[in-house]
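Q: Protein sequences, first through last, are from chains A and B. Under our numbering, think of the first position of the first sequence as 1, with each following residue one higher. Under our numbering, think of the first position of the second sequence as 1, with each following residue one higher.
Just so you know, these hints were derived from the structure itself, not from any lab. It cannot be assumed that every hint is accurate.
What the hints assert, rightly or not - If you want a taste of the chain B side facing chain A, the calculated C-beta under 10 angstroms gives, among others: (1) Asp24; (2) Ala38; (3) Phe60; (4) Glu155; (5) Lys162; (6) Val166.
Quick caveat, the model's predicted, so the values are computed rather than measured. We put the beta carbon where it would ideally sit given N, CA and C, even for glycine.
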Amino acid sequence: MKAKLLNLQNALRLASILDKYIDEKTNANAEALDFVSAIVDKITPDEFLHCVNLISGETKEAIKQQISIDTLTCFVEGLRENQILSLVSFYRSLGLKNNA
Amino acid sequence: MKITELSKVTPSRLTLKSWATLDDYRKQIANCKSIDVACDLIFKSIELAVIERPKWDDIFWMDVSDLYIRTSRANQPIIQFPILTSKTEKDDFPWEYPGRTWLFWLNVFAKNYGWDEASIATLDIDTAIGLYQEIVVDEQMRDEWQWGLSEKSVEYVPSTKKSKFVPLSRPEWMQAVAKPKKIVKTKILKSMMPAGLVVNLDLDDS
Numbered sequence: 001m002k003a004k005l006l007n008l009q010n011a012l013r014l015a016s017i018l019d020k021y022i023d024e025k026t027n028a029n030a031e032a033l034d035f036v037s038a039i040v041d042k043i044t045p046d047e048f049l050h051c052v053n054l055i056s057g058e059t060k061e062a063i064k065q066q067i068s069i070d071t072l073t074c075f076v077e078g079l080r081e082n083q084i085l086s087l088v089s090f091y092r093s094l095g096l097k098n099n100a
Numbered sequence: 001m002k003i004t005e006l007s008k009v010t011p012s013r014l015t016l017k018s019w020a021t022l023d024d025y026r027k028q029i030a031n032c033k034s035i036d037v038a039c040d041l042i043f044k045s046i047e048l049a050v051i052e053r054p055k056w057d058d059i060f061w062m063d064v065s066d067l068y069i070r071t072s073r074a075n076q077p078i079i080q081f082p083i084l085t086s087k088t089e090k091d092d093f094p095w096e097y098p099g100r101t102w103l104f105w106l107n108v109f110a111k112n113y114g115w116d117e118a119s120i121a122t123l124d125i126d127t128a129i130g131l132y133q134e135i136v137v138d139e140q141m142r143d144e145w146q147w148g149l150s151e152k153s154v155e156y157v158p159s160t161k162k163s164k165f166v167p168l169s170r171p172e173w174m175q176a177v178a179k180p181k182k183i184v185k186t187k188i189l190k191s192m193m194p195a196g197l198v199v200n201l202d203l204d205d206s
């Protein structure tokens, strides 16, 4: 399972899920693991599944059959490759925060 | 996902009608309830300022956001007009609707200068905002003159038994900015100075 670069629609969907788990004060230079572990601690299983579904393009059923470490690796890679902090920042700048 | 050449694309500066549409899209995005609709509006905004019509679904989001931000920046007013510095937040008026921005500008210039739609549509953004500010200033001056002629502009103060002029309030951006008071240097007679040895503790002045 490989993480993909997302188009705008899927990227904004991902941002809308993760927005509430990323603190506005998180520095763009923060170590990836610092905030990813904070997300993983708080995110619900459904949201996690939806995020991996967006990042990998695999169906939810296919993701459930994967080994959990592979799924987690794909999730972390997806956040890194899609520059999640910049993505959430762009999402917030659009003013969509409380609407979408 | 395609690696695109979008970073090399330079968004053009729009004329008033297209700029009003761009501004309208921005407002619609902020009130959007659907991500799909918001994305569609972002693509439309970019397409106003660039000739390229790529297949947006195949493009990395960062390329799109970068182009969208550059489009917005290219279409910001260059001159810092005081009228744009107002801090008061506008609530949504009941008569607001998508697409109103252009009709607002058309009405402003057609009413005040009698220009036709084509001439107004091709105005530069800075010229349009500058003229709009002049129109608002003219209206304020006219209102202040009329206010000065009305009874409401004079208030009776019982403590002094005199009438006082009450000026018409101005919008925040038209109010004069208070300058810091100049401290006047005062000479003091030698006889009034403290007696004895005076030690200057301010080392910078020594």
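Q: Holds or violated: the hint that Asp24/B contacts chain A, with Cβ atoms closer than 10 angstroms.
A: 14 angstroms, violated
Q: Would the hint on Glu155/B be counted as holding, given a Cβ-Cβ threshold of 10 angstroms to chain A?
A: Cβ of Glu155/B sits 43 angstroms from chain A, so the hint is violated.
Q: Under 10 angstroms, Cβ to Cβ, is where Ala38/B needs to be relative to chain A, so tell me if that hint holds or is violated.
A: 6 angstroms, holds
Q: Holds or violated: Lys162/B as interface residue toward chain A, Cβ cutoff 10 angstroms?
A: 52 angstroms, violated
Q: For the hint on Phe60/B, does the least C-beta distance to chain A fall short of 10 angstroms?
A: Interface hint status for Phe60/B: holds (5 angstroms vs cutoff 10 angstroms).
Q: Answer holds if the nearest beta-carbon of chain A is closer than 10 angstroms to that of Val166/B; otherwise answer violated.
A: 40 angstroms, violated
Checked against the numbered hints listed earlier, the structure breaks hints 1, 4, 5, 6; every other hint is satisfied.
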